[in-house]
Amino acid sequence: MDLDFSPAERDFRAEVRDWLSANVPDPPLPSMDTAEGFQAHRAWEARLAAARLSVVSWPEEYGGRGASLIDWLIFEEEYWAAGAPARVTQNGIFLLAPCLMRFGTPEQRARWLPRMASGADVWAQAWSEPEAGSDLAALTSRAEPAPGGGWLLHGHKTWSSRAAHATHGFGLFRTSGARHQGLTYVMFPLDEVAVRPIAQLDGLPGFAELHLDGVRVEESMVLGEAGQGWSIAMATTSSERGLTLRSPGRFLATADRLLALARASGDPAAADRAARCWTEAEAYRLHTYATARRIMAGEETGAAASLGKIFWSELDLRMHALALELLGERAGETPWLDGFLFALAGPIYAGTNEIQRTIVAERVLGLPR
Amino acid sequence: MNFAFTDEQLAFGAAVRDVLRDACPPAALRTERRPGWRRLAGLGLFAALLPPERDGLGLGLTDVLPALEEIGRACLPGPVAETAVTAPLLPEAAAGEVCVSVLAPGQAYAADADLADLLVVLGEDEARLVSGEAARLDPRPGIDPCRPLFAVAYDTSEPLEAPAAPVLHRLAVAGAAQLVGVARELLARSVAYARVRTQFGAPIGTFQAVKHRLADVAVAVEFAAPLVWRAALALDAGAPAAGRDASAAKAAAGEAAALAARSALQVHGAVGYTDELDLRFWLARAWSLGAAYGTSAVHRERVRSALLGGDARRWP
Ligand SMILES: Cc1cc2nc3c(=O)[nH]c(=O)nc-3n(C[C@H](O)[C@H](O)[C@H](O)COP(=O)(O)OP(=O)(O)OC[C@H]3O[C@@H](n4cnc5c(N)ncnc54)[C@H](O)[C@@H]3O)c2cc1C
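Read top to bottom, the protein sequences are chains A and B.
Take 1 as the starting number for the first sequence in this note's numbering and just add one per residue.
Take 1 as the starting number for the second sequence in this note's numbering and just add one per residue.
Wrong hints could be hidden among the right ones.
As the list claims (entries may be wrong) - Each pair of labels, with its calculated beta carbon distance range: (1) B:R313 x A:T301: 41 to 51 angstroms; (2) A:N23 x B:R313: 18 to 28 angstroms; (3) A:A51 x B:E126: 53 to 63 angstroms; (4) A:D4 x B:D311: 15 to 25 angstroms.
As the list claims (entries may be wrong) - Quick look at which bits of chain B chain A covers, simulated, 3 or more residues with Cβ under 8 angstroms: (5) 11 to 25; (6) 145 to 154; (7) 186 to 200; (8) 212 to 221; (9) 297 to 307.
FYI, nobody ran anything at the bench for these hints, they're computed from the structure.
Think of the CB as a built atom: it goes at the ideal place given N, C-alpha and C, for glycine as much as any other residue.
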């Protein structure tokens with residue numbers, strides 16, 4: 001067992017750090033949930049891509065560097081420590097792309113991945129429906145075979161992050177009555193979809209509902225086979241809960257800032273809580289390195305991702321809540337308030353923490369259903 | 001970087017587990033003070049941290065973490081970890097021939113001192129050695145039947161050359177590794193019981209309140225363990241932040257074990273509250289080891305002072 005980075009890993013860290021210190025926008029970009037901020041974030045994604053830093057762990061042919069998961073974690077640590085912008089492309093890169101790589105045809109991969117890596121396309125995840133949240137398999141949106149080939153999409157999706165400004169969506173649609181086996185994974189352009197932006201707690205349209213009324217897509221927009229959607233989607237949820245959506249980098253950077261805030265406050269009780277958060281962010285980092293090694297050795301981590309989802313989401317919320325306590329009414333003048341509002345969503349999205357606890361109990365611990 | 005145990009490290013742990021399965025079944029916890037001692041010595045556990053020139057295995061603390069976790073899982077009685085960890089300090093080769101108890105600074109009592117040939121008395125800076133014959137022991141009430149406590153008085157002692165702090169850190173990390181094992185065993189026993197105990201016509205493990213409680217224990221253990229690994233690596237490497245990391249490990253493991261104990265008792269209901277059920281040994285071990293070599297509160301305070309003092313270094 002060791003925790004030592006190789007010379008190549010150290011070089012990579014140095015390269016990323018140097019590039020970020022020369023390129024991270026100052027002042028920070030406006031929120032990506034405004035029209036102006038969204039464009040600014042896309043431009044930032046293009047800049048990252050030009051330096052081949054937007055998707056470091058992808059194969060070179062799609063714009064990556066074929067970097068290992070450890071390199072990717074190093075990248076993420078540097079990225080968040082540098083205060084770089086949140087990733088407007090994250091749902092595509094971290095949720096759709098792993099499925100495209102695993103289940104997509106070579107044509108689908110070649111067509112969509114490079115555009116995703118450069119920020120040319122921004123994808124929204126369209127899974128939830130008004131009557132299908134935690135019980136996702138209850139969804140009723142349909143895909144019907146279109147005359148002459150392809151599919152017609154009908155239905156109502158909601159809480160779709162970034163859909164207010166995104167270019168494309170991907171989601172599950174019912175193609176037969178079977179609860180799980182009747183679902184199909186479909187990609188679609190958003191320009192023919194009626195999109196109603198929904199303001200979040202911060203007042204900005206962070207997500208949207210989608211009304212699909214016979215939106216026509218080609219056959220090539222189906223990922224995998226019709227009826228395979230659920231199993232493909234489940235492959236995505238474990239990356240969503242596990243390390244790819246929430247790398248430790250974000251929490252390490254937050255913990256460092258929180259420690260500075262607590263130190264300045266001179267309040268020993270707050271310092272105690274901040275120190276505990278710092279240690280927990282470290283624990284998440286170390287755990288993630290161990291998990292990355294297991295994945296690189298070809299092991300499946302499966303339901304264990306749910307342990308991490310509970311841990312990071314509650315840690316993130318604890319950190320932001322403490323910062324707000326320390327800042328009092330000044331919080332609104334700092335990025336901590338937005339961070340707090342976002343952290344509040346952590347225990348809800350990517351499968352609520354209640355659902356995760358049940359998964360841990362049944363599939364990790366083996367308790368009866 | 002390979003943040004996972006090597007095959008050798010796991011094999012050493014497995015060898016210890018096999019010995020303990022045989023030599024330390026739960027029934028032994030009621031009758032024996034040092035079950036398996038000779039066989040553990042035969043595996044090299046007490047010589048593990050000694051350098052080869054003193055007939056030791058020349059291993060680091062990291063190498064014996066899986067073995068220490070097994071010791072916690074088995075709730076093994078006797079000062080096994082104390083003897084293994086202090087061996088490099090002792091003038092003559094220890095290798096299982098002597099049995100060592102430790103009196104740590106800030107701690108009133110030494111556990112298992114009546115079994116000890118030698119007592120290592122640690123101060124903040126210096127370490128002293130007291131022979132078993134020279135020590136006058138006064139038994140004190142404690143919580144763990146397998147870890148009896150003694151007040152120690154003595155007139156003669158010898159100074160030890162080695163500094164005390166690294167030994168204390170090692171003891172804290174060895175305690176933390178055992179606490180992870182204790183927590184895992186408490187969780188496993190709770191899960192096993194929740195699968196078979198039936199109320200309202202269903203196993204209690206089907207109820208969400210029970211499931212979620214045990215899931216929280218699983219989370220706590222899962223994220224305490226890597227802090228323990230990191231602390232052992234830091235100590236073996238002589239890293240500047242090793243003391244801070246040892247404290248982080250001991251606090252997290254102590255709290256995870258306390259949560260596992262609290263949840264195990266609740267899940268077992270009244271039968272868990274009896275002396276007859278073996279569960280009591282693991283409950284007591286979570287509490288007694290949690291208090292040994294610095295309580296969670298003491299170690300949290302050390303982490304806080306280190307971090308606020310500016311030592312927020314990450315590895316490497
Ligand atoms: C910021 C944010 C971004 C999101 N982005 C997206 C997105 O991009 N795409 C997308 O498709 N969706 C998105 N979602 C939706 C998210 O996936 C759902 O909110 C989530 O699946 C929960 O569904 P729900 O909100 O309908 O809650 P419900 O399922 O109605 O649950 C309400 C409460 O009941 C509890 N509950 C429900 N069932 C159980 C049970 N069996 N046992 C115990 N408790 C239960 C839940 O834990 C929760 O506390 C986003 C949500 C948020 C907050």
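How the hints compare with the structure:
1. B:R313 x A:T301: 41 to 51 angstroms: For T301 (chain A) against R313 (chain B), whose Cβ atoms are near 29 angstroms apart, the range 41 to 51 angstroms is violated.
2. A:N23 x B:R313: 18 to 28 angstroms: 26 angstroms, holds
3. A:A51 x B:E126: 53 to 63 angstroms: 55 angstroms, holds
4. A:D4 x B:D311: 15 to 25 angstroms: 20 angstroms, holds
5. 11 to 25: Our answer is that it is violated, as 0 residues pass the Cβ test (under 8 angstroms) against chain A, missing three.
6. 145 to 154: Contact hint for the stretch 145 to 154 of chain B vs chain A: violated, 0 residues under 8 angstroms.
7. 186 to 200: With 4 residues closer than 8 angstroms to chain A, the stretch 186 to 200 of chain B meets the three-residue bar; holds.
8. 212 to 221: holds (count 6)
9. 297 to 307: holds (count 5)
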